[in-house]
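Novice: Based on the sequences and whatever the hints tell you, model everything.
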Amino acid sequence: QFRHQRPINRPAAQKRLMIAAMAVAAGAAFAETTPITSANVVGYNVKTMNNVFMIRAIQFDTTSGDTAKLNEIVKCDSPVAVECWADRDSWEYTDFLETAPQIQVPNSSDDFELFYYVTDARVYDEDGNESFVEGWADDSGVLADFDVFCGAGVWLRGYKNGTENVGDTVFTFAGQVLADDSGDISGENMFKVRGMPFPVAQFINSSKCDWSNLTPVECWADRDTWEYTDFLDTAPQIQIINASGDYELYYYVSDARSYDEDGNEIFVQGWADDSGMLLTDDNDSAYAQPGDGVWFNARKAGVSCSISL
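In my numbering, the protein residues as written are 7 to 315.
Just so you know, these hints were derived from the structure itself, not from any lab.
The beta carbon of each residue, even a glycine, is placed where N, CA and C say it ideally should be.
Just so you know, not all the hints are guaranteed correct.
[Unchecked claim] In the DSS-like style, the derived pairs of lysine-lysine whose C-alpha atoms are separated by at most 25 angstroms in a straight line are: (1) 198 with 214; (2) 306 with 198; (3) 214 with 306; (4) 198 with 75; (5) 166 with 81.
[As the list claims (entries may be wrong)] Here are the in silico distance ranges between beta carbons for each label pair: (6) 228 with 248: 28 to 38 angstroms; (7) 314 with 236: 44 to 54 angstroms; (8) 239 with 287: 25 to 35 angstroms; (9) 233 with 84: 47 to 57 angstroms; (10) 144 with 84: 16 to 26 angstroms; (11) 93 with 239: 52 to 62 angstroms; (12) 248 with 116: 23 to 33 angstroms.
Specialist: Here it is as structure tokens:
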């Protein structure tokens, strides 16, 4: 199964989300479970990472409405970013490519580009004057001017010193909360990294999640003997990060096993675990959390699935 084909990394701490309303009439505080409909809501989400890559999400836009830039949305708060330049006269680099916090962000072709958080990224102003500022830089030490979009899945890694984990690295994602009350997750016939742009956790078998563009497969070959089909290899799949930082793998099937309120056995369409059991809303691992990313394999190209708040 796919979950065993990648090393499983574990974040050092769990996530925290705070949303603050900036409405003209009044400022209202929103809890994680409160739907947000105002177009003037800004917030931030703190992620604490160790020195291994984990999937996270760009879950904010700019407040100006312009295209969001990486250096506007994601900041590294601690420990202090590493220096890029050992000698600015000779343009000699430090080992920042090995030690600096890193982020891999998808470009317009859905390929990932790698950036490093440093204290002295090289940049020029409108008059051509050179300066050095803290922020995300490319591998040549130049400050990144890179577009990001709300809902993008990214790979994020904290500060590293060789193979030693030197401590937790704190990142802050900030900006305008998704203004719409729904969003799309695109899928392909392969695993793709996707982000959760919403300020609330999403139960993937909720009626608010429309997976109708997926093609479910049968889970059971024989319900009398409980013989399975090959659904583990053929069904659409999604991997969600659980509270321990591990990935949970689920399958979209036409006949997930469940029970109604009277205890009668039923078989329904939806996301199931690897034993064919339907995911229920009391399963914390069946919720995609704010600011987290997912692995998504739609088993066909060009699929778009919608999620509503």
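Novice: Of the hints stated earlier, which fail here?
Specialist: 7
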